[in-house]
Amino acid sequence: MQQPESVRPLTTERHHPTGDTHELRPRETEQGNPFTFTPQLIHLHKDHELFEDGDITRHMYLQDLYISEADDKPTLSVSEFACHISGCSAVFSTLEEYEHHYNSLHRHVCCSCRRSLPSARLLDIHIQEWHDSLFAILAQRQDMYQCLVEGCGQKFRTSKLRKDHLIRLHKYPPDFRFDKTKKDRGTRETKRQQQKDTAMEVADDVCESEGVCEVMCDVLSNQLEHGESMETHVSQEEARMAKSDSTEEHADLSAAAHGAGNTSTEATKPRYSYRVPTSVCFGHGSVRGFRGRRGRRK
Amino acid sequence: MWRLNKVRHKAAGRHGDSLEELKLKRREHERALRQARRDRQLVSKRLLLNEDEDQPEVTMDTNSGEQDVVSLFHKLQQTGSEREARLKALSKALRDPSAQLAFIKQENSMHLLVGFLTGSDATCRLQAVRCLHELSHSPHTNVAPACLPATPYLLTYLSGQSTKFTELCLYTLGNLCPESDVVKEKLLAQGIIPALANCIENQRHNLAVVEAVGFTLSQLLQAKDAAEKIIPMVLASSLPSHLLSVLTPDPDFGLAPAIECAWCLHYLTCSTEDNRVLLAHGALLKCSSLLVSLGAAVAEGNKEEGMELLICPLLRCVGNLLSSCPVEDLSTQVGDVHIVVALCALLQAYLQTQPALARESAWVLNNLTAYSSALCSALLTFNLVPGLIQLLPFSQGINTMILRALANIAHKKKEFCVQLAHLGLLSALCATLKMADQEMVTLSMDVLFMLVVSGPQVAEEFVRQGGLSLLEAIQYNSKGDIRRRATHLLEHHLLSYSVVKTYLLNL
Numbered sequence: 001m002q003q004p005e006s007v008r009p010l011t012t013e014r015h016h017p018t019g020d021t022h023e024l025r026p027r028e029t030e031q032g033n034p035f036t037f038t039p040q041l042i043h044l045h046k047d048h049e050l051f052e053d054g055d056i057t058r059h060m061y062l063q064d065l066y067i068s069e070a071d072d073k074p075t076l077s078v079s080e081f082a083c084h085i086s087g088c089s090a091v092f093s094t095l096e097e098y099e100h101h102y103n104s105l106h107r108h109v110c111c112s113c114r115r116s117l118p119s120a121r122l123l124d125i126h127i128q129e130w131h132d133s134l135f136a137i138l139a140q141r142q143d144m145y146q147c148l149v150e151g152c153g154q155k156f157r158t159s160k161l162r163k164d165h166l167i168r169l170h171k172y173p174p175d176f177r178f179d180k181t182k183k184d185r186g187t188r189e190t191k192r193q194q195q196k197d198t199a200m201e202v203a204d205d206v207c208e209s210e211g212v213c214e215v216m217c218d219v220l221s222n223q224l225e226h227g228e229s230m231e232t233h234v235s236q237e238e239a240r241m242a243k244s245d246s247t248e249e250h251a252d253l254s255a256a257a258h259g260a261g262n263t264s265t266e267a268t269k270p271r272y273s274y275r276v277p278t279s280v281c282f283g284h285g286s287v288r289g290f291r292g293r294r295g296r297r298k
Numbered sequence: 001m002w003r004l005n006k007v008r009h010k011a012a013g014r015h016g017d018s019l020e021e022l023k024l025k026r027r028e029h030e031r032a033l034r035q036a037r038r039d040r041q042l043v044s045k046r047l048l049l050n051e052d053e054d055q056p057e058v059t060m061d062t063n064s065g066e067q068d069v070v071s072l073f074h075k076l077q078q079t080g081s082e083r084e085a086r087l088k089a090l091s092k093a094l095r096d097p098s099a100q101l102a103f104i105k106q107e108n109s110m111h112l113l114v115g116f117l118t119g120s121d122a123t124c125r126l127q128a129v130r131c132l133h134e135l136s137h138s139p140h141t142n143v144a145p146a147c148l149p150a151t152p153y154l155l156t157y158l159s160g161q162s163t164k165f166t167e168l169c170l171y172t173l174g175n176l177c178p179e180s181d182v183v184k185e186k187l188l189a190q191g192i193i194p195a196l197a198n199c200i201e202n203q204r205h206n207l208a209v210v211e212a213v214g215f216t217l218s219q220l221l222q223a224k225d226a227a228e229k230i231i232p233m234v235l236a237s238s239l240p241s242h243l244l245s246v247l248t249p250d251p252d253f254g255l256a257p258a259i260e261c262a263w264c265l266h267y268l269t270c271s272t273e274d275n276r277v278l279l280a281h282g283a284l285l286k287c288s289s290l291l292v293s294l295g296a297a298v299a300e301g302n303k304e305e306g307m308e309l310l311i312c313p314l315l316r317c318v319g320n321l322l323s324s325c326p327v328e329d330l331s332t333q334v335g336d337v338h339i340v341v342a343l344c345a346l347l348q349a350y351l352q353t354q355p356a357l358a359r360e361s362a363w364v365l366n367n368l369t370a371y372s373s374a375l376c377s378a379l380l381t382f383n384l385v386p387g388l389i390q391l392l393p394f395s396q397g398i399n400t401m402i403l404r405a406l407a408n409i410a411h412k413k414k415e416f417c418v419q420l421a422h423l424g425l426l427s428a429l430c431a432t433l434k435m436a437d438q439e440m441v442t443l444s445m446d447v448l449f450m451l452v453v454s455g456p457q458v459a460e461e462f463v464r465q466g467g468l469s470l471l472e473a474i475q476y477n478s479k480g481d482i483r484r485r486a487t488h489l490l491e492h493h494l495l496s497y498s499v500v501k502t503y504l505l506n507l
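As you go down the protein sequences, you meet chains A and B in turn.
Read in full-length UniProt numbering, the first sequence has 165 at position 165, and its numbers run on one by one without any break.
Read in full-length UniProt numbering, the second sequence has 307 at position 307, and its numbers run on one by one without any break.
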């Protein structure tokens, strides 16, 4: 849709109206310009639904039933807000509720594994530790695992050491949700969420937000806490994975299990059918299901 | 003439109904009307009350009513001196639907009535037409067709001079019109349209008769196939110019005649998309200037009772006439740019009490702004845009129409876009993009595009308001065409070096 500098010659574009909505011949669009708005004259026929209320008032008047003040005030309704993220169908009555939902559940989401983290910093740490092959390599030789508490600055050789530090020094709970290791990942594959958008190859595995996991997740992760062997864990995980997407995770896990920093580049491959720069993750991922939804969009 | 007030006050004490019961009845009635409309069966009849009546009184005792009717009929068949009194009694008895049925079942009953209708006794004529009027109002479907033998005479009498008599003839005909296609065809063949045209022309000064003509014509024009047969005949007659001349409400008589004529015009304009004839008569000019004065009155708080009954059809006429009006004629046809002021006043005034009327006003605003740069400019000049932006939260079609109108403005010139952004449309869009209504989201994206490409200041302002992350989120929208719009905006217009640089420099 072109934006002219002055008023465009309207007469040349005018069609004789036909049908209910008078549609102009679509303008020549720029290459790939997806915007389609053009001004439209709208002609409404006698039986159009927009005319219903007025017609009823008219006929109430004809039948001597008209009163100027309505019995009940007709309800003027306010638009609802809805989360349009593919797979999410949460609906809200106020903008504030929407913003809270969005900021809590969709804002800091990892592009690769769709996990939602509560802050940009934790997201950065997550991406670094889970999806950065360079990290895995460096971690073999240096202390790479940062303390999660902002301002602490300490780094540790392993995630376990960091966890101990968090528990001992910073009094964190042992099952702090934002410090899951990669190993834990597979067990929290709960129910598949409905795939709303088939254009996007969504791996609907993990819960979308570690912060609001169901109790079941905790149970599973607690089981892990008690020192299951890697091999058992992996096979358990294999049993749970049903989709082919899982092969990526499997590859990651076995890589981790074998201590090789050979995380396949597959992990960072964009999984959407349209292009998202791989090097840049704005932190907003598509989310499948969710908890805390208020209502279904109609 | 229809007295709006009386209905309300008296209705409360009627037949022992409490106010609550009355409300219930009204609501039920309303529901029935809505269903009838959905079935394309929305039809109403009017009952003209006697001078001594305030409201339709129906006797509860149907048996005696039927007996009365039969005995009266027999008595009337005999010659005698009490015919007037008996006819009057008959007309009262015929208020009852079962009595109506009983009457037409009597052989030669209609013949009798027609005899009185055309007889030499004027009082008997009046009473006879009163009887026919009661019959025409019957809820039973086989009663009204029984009145057909009388119609040629009713039509003839339309050129008479007796007000009450003419009124009764008109309302009787008006009640008969929607009965069936057979009835309509007969009436058309008997020349109802020229008769109505003559009547309104000759009785122009008599507003009660004018109102009755308007009602009868509106009944004809509502027919399902009106567009094919009836409307062309009406347009070819002198009726359109008479209808237009009655539109301005008379301060003494009230709104009623204007209301009827406005509804006639609405049925004329909405049934066809070629309104050249009406445009040539100056219909758009007349209706829009009337809206200007009505809007001004409403803005001052002078909401006369029943005003929306007139405003509604006028809005519709303007809306539909606009869609037939060639662009080059717009300025002459619409005349006063203050029409936009009037529309915004109507929008605000009726938003809470009659949202449907507000929605229709918004529709007209869309049609006004679609092709007219002058009217778009007027909205800006008269500072009406902030008020419109504040209406964007309201659903059920109000916000989509208003956003369309705002989009029409943006579509005209980049300068308008800058002004719109300055007046708060950008931040409003940040909210409307999150609405559940997909049409709002799509429209918002398109408007956002127009604003953003209008100039670097707008783009920067949008980025300053957090627009980048908003669009990034939209890139994950469940709808593909929305995602593409967001991506296009980001890649081609917002993530350009200059925009981001300016943004960063200004941090």
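For the record, the hints were derived by calculation from the structure and aren't laboratory data.
A portion of the hints provided could be inaccurate.
Below are the SDA-like pairs computed for lysine to any residue, each with C-alpha atoms no more than 20 angstroms apart in a straight line [claimed, not checked]:
id : chain 1 : residue 1 : chain 2 : residue 2
1  : A       : K182      : A       : L138
2  : B       : K413      : B       : L423
3  : A       : K171      : A       : I127
4  : B       : K224      : A       : H48
5  : A       : K46       : B       : K229
6  : A       : K46       : B       : E228
7  : B       : K23       : A       : K182
8  : B       : K224      : A       : D47
9  : B       : K92       : B       : E53
10 : B       : K25       : A       : L138
11 : B       : K88       : B       : L126
Computed footprint of chain B on chain A; a stretch qualifies when at least three of its residues, placed anywhere within it, have a C-beta under 8 angstroms from a C-beta of chain B [stated by the list, open to error]:
id : region
12 : 57–65
13 : 114–123
14 : 169–178
Cβ coordinates follow ideal geometry from the N, Cα and C atoms, glycine included.
Structure-inconsistent hints, enumerated in ascending order: Failing hints, ascending: 3, 7, 10, 13, 14.
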